[in-house]
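Trainee: Letter by letter, the chains look like this.
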Amino acid sequence: MGIGEKLLLYGGYFYLTLVLCSLLYFFVPLRLRLLFIKLILFTCAFFTLVAGLKEIVYRQDIEQWYLPIPERIQKTTLGLNDFTNEINQKIPNDTKVCLKDSWDIPTKFIQQRLYPKNVTIVKDLIVLPRACDYLIIPVISHFVENIPEFVLIENIDNNLLYKRGL
Amino acid sequence: MIVLLQILAVIIFILSIISFGWLVIQLLKISKDNCNFAQMWGIGLLSIALIQLLFALIHFEATQYIVWAISLSVTGLFILKNKAIFRAKKIPLIILLLAILLIITTLSHAPWGSDAYNFWLSKARAFWLDGGVTHQNIYAYWPYDHPLLWPLNITWLYHLLGKSEEFWSAVIPIVSFLAMVLIFTQDLVKNNKWLWTILLVGTPFLMGNVYLGEYVGNADILVALYLLLAIDSIYKKNYLFVGIFLFAGSLTKNDLLPALCIWIILSVLLAFKHRKKTSLMVVVSSVIFLTIILSWKKIYGLSSRYVEQELAILLSQRPLVSNIKYSLMAFREEFRQTYRWGLSWWIILFALITRFKTILINPSHKLVFPIILTQLISYIVIYYVTPEDQATHIATSIYRLVLQIYPAALLLSMRLLTKDNKI
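Residue numbers (the working numbering), protein chains in the order written: chain R, 1 to 166; chain U, 167 to 589.
Any given hint could be a false lead.
Under the rule of at most 27 Å between Cα atoms (straight-line distance), these lysine-lysine pairs were calculated in the BS3-like manner [to be verified]:
no.	chain 1	residue 1	chain 2	residue 2
1	U	195	U	439
2	U	491	R	6
3	U	491	U	402
4	R	38	U	464
5	R	38	U	491
6	U	402	R	38
7	U	195	U	491
A few chain R residues that don't get close to chain U, going by computed Cβ distances all over 12 Å [stated by the list, open to error]:
no.	residue
8	62
9	94
10	145
Just so you know, these hints were derived from the structure itself, not from any lab.
We treat Cβ as the ideally placed atom computed from N, Cα and C, and that holds for glycine.
Isolated chain R (complex conformation) (with noise of 0.2 Å):
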């Protein structure tokens, strides 16, 4: 790779003009340099909110605003609130609870919204623990999935709570 390949690609124009506006900095005049300063500040600046604005507006989420603050809620997390609500009164504190670990926010949710209840986060359902009380299944696909020995008690959302057969 040669100098000016280099050059461009660890400095790009960020660094390049960088480096220009410092050396030119110190030719400009004396009672240049405060008007030099603010040219490049408003050009920051200006940069800069429209770089900010613009992530804002595409925001899709600032629709929900118009709902009902538990519907914004139940929205973002994926119906785990009113499920997590439901299920930690159907859950005693004393049983093992197995949760299908899900991607990793829905799995943390449900795990701290749980506390202090005893939850062991299962790999996969083909060999779950002997002593899993109740399993549940959060927001995976939209099968409700026959699971041996455990029986469906609650789904909200397809979010699903298993108690093992009764």
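Chain U: place on chain R using the hints.
Mentor: Just chain U now, with coordinates in the frame of chain R:
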């Protein structure tokens, strides 16, 4: 009706934090001038965390009634003594518009971030359910050594709400962000201050830490606020505040401990130079703050996951120069991520290059620059000794670390590039 009651609880929560801040400043008589909103907010958050740590120490269980009683009495006292504050005051239009925009965008959804539910909000809920910090629940969520200022303030909010509703925890980042903007607008620097404020306000990632569900549960914005408050206090020559804010920042995240340590060294040098009683007070208080941090970790048997490993083996396995070079390259790359920072880092670097001579001459810059530099160096050290894979650790955290020093670095560059500053 329930939502209205929740909004009332949130308002009482915000007022109680400001009131605590005001009360502590009045009791300790630590402010030279009239304390401003950002200072009261920062010290208020610290006070609420310390009260709960004290409760835990004397095994006193916090309940909803106690929290309401304490909050209402402190707020009542604040309102009685500061009636004038509620009379019509000129609020800058930009702050008002910004507050409305932030409330709408942030409260359109609940927090939904990995770190939030991995530990921050999870710890808050555990403390709320158990009535405070215990030797058991501090080990409920890894990393155990994370400080507790952020979760404990959410716990206080949960007590006022009567339930653990993560949705409302977003008000703390909203107010913290507005406090940052107020520091910039209320600063003594007259020239171009609105352009600098726009630069701060417009920064996509800083704002994103308030209104994005992925980040609103994180503690980094509080760390950024505390470092900014500390740097602002240096410029206002309120040196006692510097130690307090760095202490509060270190109680929010361990990341700010290097800044507190370097401040102790700087304050010793300052004491030797000035030879005044107040300078000695600054040193003693900063040392006490560091001792408190080390003590609470000792009490709960917490260590650092970076220190608690076979460092000798780790260091022998990792080539020093190439690791540091990799981290430096990562920072170089991060500064030019314009979709996260706009052109803010461009102007910060421009100020540092063109006005570096001023840093070496000006007494305030001479204190501020080493603090920010120490923070940056500490991040590189952490990336070197991290038990995780270096590249993964950098990829998942560098933007959050850069956020911590960003507002402080912007304030430094504002002071450097403004001619009529009154430092």
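Trainee: Take a quick look at residue 145(R) and tell me if its Cβ sits farther than 12 Å from every Cβ on chain U, holds or violated.
Mentor: holds, 24 Å
Trainee: Regarding the pair residue 402(U) and residue 38(R), is the alpha-carbon distance no greater than 27 Å?
Mentor: holds, 25 Å
Trainee: Could you grab the alpha-carbon distance between residue 491(U) and residue 402(U) and see if it respects the 27 Å cut-off?
Mentor: violated, 36 Å
Trainee: Under the criterion that the straight-line Cα-Cα distance not exceed 27 Å, is the pair residue 38(R), residue 464(U) satisfied?
Mentor: violated, 51 Å
Trainee: Does the alpha-carbon distance linking residue 195(U) and residue 439(U) stay inside the 27 Å limit?
Mentor: holds, 24 Å
Trainee: Under the criterion that the straight-line Cα-Cα distance not exceed 27 Å, is the pair residue 491(U), residue 6(R) satisfied?
Mentor: The given pair, whose Cα atoms are some 16 Å apart, holds under the 27 Å limit.
Trainee: Holds or violated: residue 195(U) with residue 491(U), Cα cutoff 27 Å?
Mentor: violated, 47 Å
Trainee: Given the hinted pair residue 38(R) and residue 491(U), is their Cα-Cα distance within 27 Å?
Mentor: violated, 34 Å
Trainee: Can we confirm that no CB of chain U comes within 12 Å of the CB of residue 94(R)?
Mentor: holds, 16 Å
Trainee: Does residue 62(R) really sit off the interface, with its C-beta more than 12 Å from all C-beta atoms of chain U?
Mentor: violated, 5 Å
Of the hints listed earlier, those the structure fails to meet are numbers 3, 4, 5, 7, 8, in rising order.
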